[in-house]
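Protein chains: 2
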Amino acid sequence: MSTLAASNQVTLADVAAKSGVSTSSVSKVLNLQPEQYRMSDQTRQRILDAVAALGYRPNFQARSLAKGRSHNIGILFEGSLPTILRDNDSGMLSGLEPILSDAAYQMVFIPIRQGSDEWKQMLSDRRVDACLVVNKLEDRVRQVLEQLRIPAVLVNGLANESIPTCNVDNVGMAKALTKHLLELGHQHIWMYTNIHVHKHHSVAERESGYQQAMIEAGLSEQINSFHMEFDAFVQKLVQIQQRPSAVVVYQHLEAVRLLQACWRHDIKVPDQLSVATFNNAYPVAHVIPPLTTMALPMLQIGEHAARLLLEMIEDSSNNKVVRTVPRFSGWHLVVRESTAHVMA
Amino acid sequence: MSTLAASNQVTLADVAAKSGVSTSSVSKVLNLQPEQYRMSDQTRQRILDAVAALGYRPNFQARSLAKGRSHNIGILFEGSLPTILRDNDSGMLSGLEPILSDAAYQMVFIPIRQGSDEWKQMLSDRRVDACLVVNKLEDRVRQVLEQLRIPAVLVNGLANESIPTCNVDNVGMAKALTKHLLELGHQHIWMYTNIHVHKHHSVAERESGYQQAMIEAGLSEQINSFHMEFDAFVQKLVQIQQRPSAVVVYQHLEAVRLLQACWRHDIKVPDQLSVATFNNAYPVAHVIPPLTTMALPMLQIGEHAARLLLEMIEDSSNNKVVRTVPRFSGWHLVVRESTAHVMA
DNA sequence: GTGAAAGCGCTAACAC
DNA sequence: GTGTTAGCGCTTTCAC
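If you read the sequences in order, they're chains R and D. To convert, note that position 224 of the first sequence is 224 in my numbering; the numbers rise steadily by one, no gaps. To convert, note that position 254 of the second sequence is 598 in my numbering; the numbers rise steadily by one, no gaps.
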């Protein structure tokens, strides 16, 4: 006998009693598809009525224990909460949440902190059924995931043999963004990436898009991609003889900083320099001047990732391996005041 | 017999077998304080050794079921992810996470969405043992929480009879911020709050701090607090004959917007207008010009909230009621370029 | 078609 | 001091 406060929770047994059947029948009705078992419509209806009448809701923990599933999805990320998780409206979370909720899955945030093994504990304790890895899949994380055979989907990270990945069409986006600048008459266009994100696959992809656009415009000699510290890039920009008339910045955070640096060095944006970037996230619309940017289809990506995760959990017993690397092309260009026609 | 893949997980029974005792003895050693039961040091050591040797880790779901605890803390918020949750380094999450982890609690984010009862389901399903409510405790939420007797702590929200609250010392902060402006020679200082946050308690508190500072400086006739739409405030600022030389902005997001508006209307910051605000969060350091702001002690608040929640869960069986409204005064002023000496 | 019964892994009251 | 046992609420196999 337990001493825990006898909760007034309605249990399966209550429903079974009320409808005059066994708990297993109730369980069947609640969990299985009609074609997976035989039962008279009459009985089923009686059970359904009882469920409704009593307002029965299954006990999450009990179900988890019996099924060997935690019904948690771990959201793995390193350091601070990633940008793509922060924006809720039309952001990735908005895509994930409804789909996971419907499947009775909840999201648990798991920061990977330096000097803490908490994340590893969570995984090896099976406190999650699957993981969404954000931005980057480090080797040590991948190893743990593989070893524990925890299904995982990588979002916005380097595509990898071992794990399905959801990414935006970086090439297409960068190409379209560069084309926008070309159409404004710019020819001398640079691309800048902070050295610290150098290893991320999307860097190469966005650069490729930029390069393709330049080449198609017959400006291949003008191609110039910089990977350096922020301050070094600013120095370069300030000191160079023939300054470019436009810069494509790999990341919106850097673009915001670039605007500040231009202000410090009295470079007028967009008169003397057009600035364009990726991600229509805060605060790109509120800086000086408002930034032209590519809006990423994070909602769709979130939805896709959620479905993929659920599938993988489903299939994990079958040892099926899902291996897709979709490219999401639902991006669109948001033109604001940081880009303008090139000055004569 | 279950068909679930026989996991190779080490169970309590394994430990018991290996150390030649019963599962209950192992359970005692693992869960109770030594003073709560009798056991020979020998036996205890044997059990501890077996635990270590086998690498035993308790099954989270099973424990949850047996104890009637989900070991989840729900983080309740409305709409988008609140600012105070976003910054991870030295932010509230950094305060919460280690403490909750240590107590084997994990955080589950629960957005309160319009038109969705998902949050209510989560609560009534007891999928959380307690809740951290962020920014605002709406009546409908409070009612559900009370009815279900789910312990909750409000952070950064209006203090209320029914629920313990962790807040910053808004009065002190606003006073110090205003004093900074006064020391720079400003006399004609306004305060601005977006009308949409009007109901938040901290508005009145920050206003009170601002007013106190003004009064103590003998400038009570200069006190001017505005609650209006952003655009209306900007109009006011642009059109007024004698423009203030400084503005205290209730929220950093609005301060960022204000800088943009000043730029549009060719009001030089800080030469013609000093701008000061609260919260040293992104992107205040990266706007034009960098914003002077009050850094909030969110880390401490997070830590305190975490401890409070754990206590409340512990005490909930005893029907003890915790009712504290601490004020955290670990703030500090960060002076940047948006404030300067008043021009003659 | 339906139900009995054996778990899932752990906790805790109580007996010895 | 230590073990026995009865749960926690649900799922699933298998017998009827």
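Just to be clear, a hint being listed does not mean it is correct.
Unchecked claim - Straight-line distance between alpha carbons at most 20 Å, and here's what the computed SDA-like set of lysine to any residue pairs gives:
1. R:K67 x D:P402
2. D:K464 x R:K67
3. D:K612 x R:R264
Unchecked claim - These stretches of chain D come out as covered by chain R in the derived footprint (C-beta under 8 Å, 3 or more residues):
4. 405-413
5. 516-526
6. 630-643
Please keep in mind that the hints were generated in silico from the structure rather than gathered at the bench. Just so it is clear, the structure is predicted and the values come from calculations on it, not from any experiment. Note that the Cβ used here is the ideal one computed from N, Cα and C, for glycine as well.
Coverage of the region 516-526 of chain D by chain R, judged on three or more residues with CB within 8 Å: violated (count 0)
So if I understand the rule, the pair passes when the alpha-carbon distance is 20 Å or less; does K464 (chain D) with K67 (chain R) pass? Distance of about 24 Å is beyond 20 Å: violated.
K67 (chain R) and P402 (chain D) were given as a pair; does the straight-line alpha-carbon distance stay at or below 20 Å? holds (17 Å)
Are there three or more residues in the region 630-643 of chain D whose C-beta lies within less than 8 Å of some C-beta in chain R? holds (count 5)
Under a C-beta cut-off of less than 8 Å, do 3 or more residues of the region 405-413 of chain D approach chain R closely enough to confirm the stated coverage? holds (count 6)
Are K612 (chain D) and R264 (chain R) close enough, with their CA atoms no more than 20 Å apart? Holds, at roughly 14 Å.
The structure is inconsistent with the numbered hints 2 and 5, although it conforms to all the rest.
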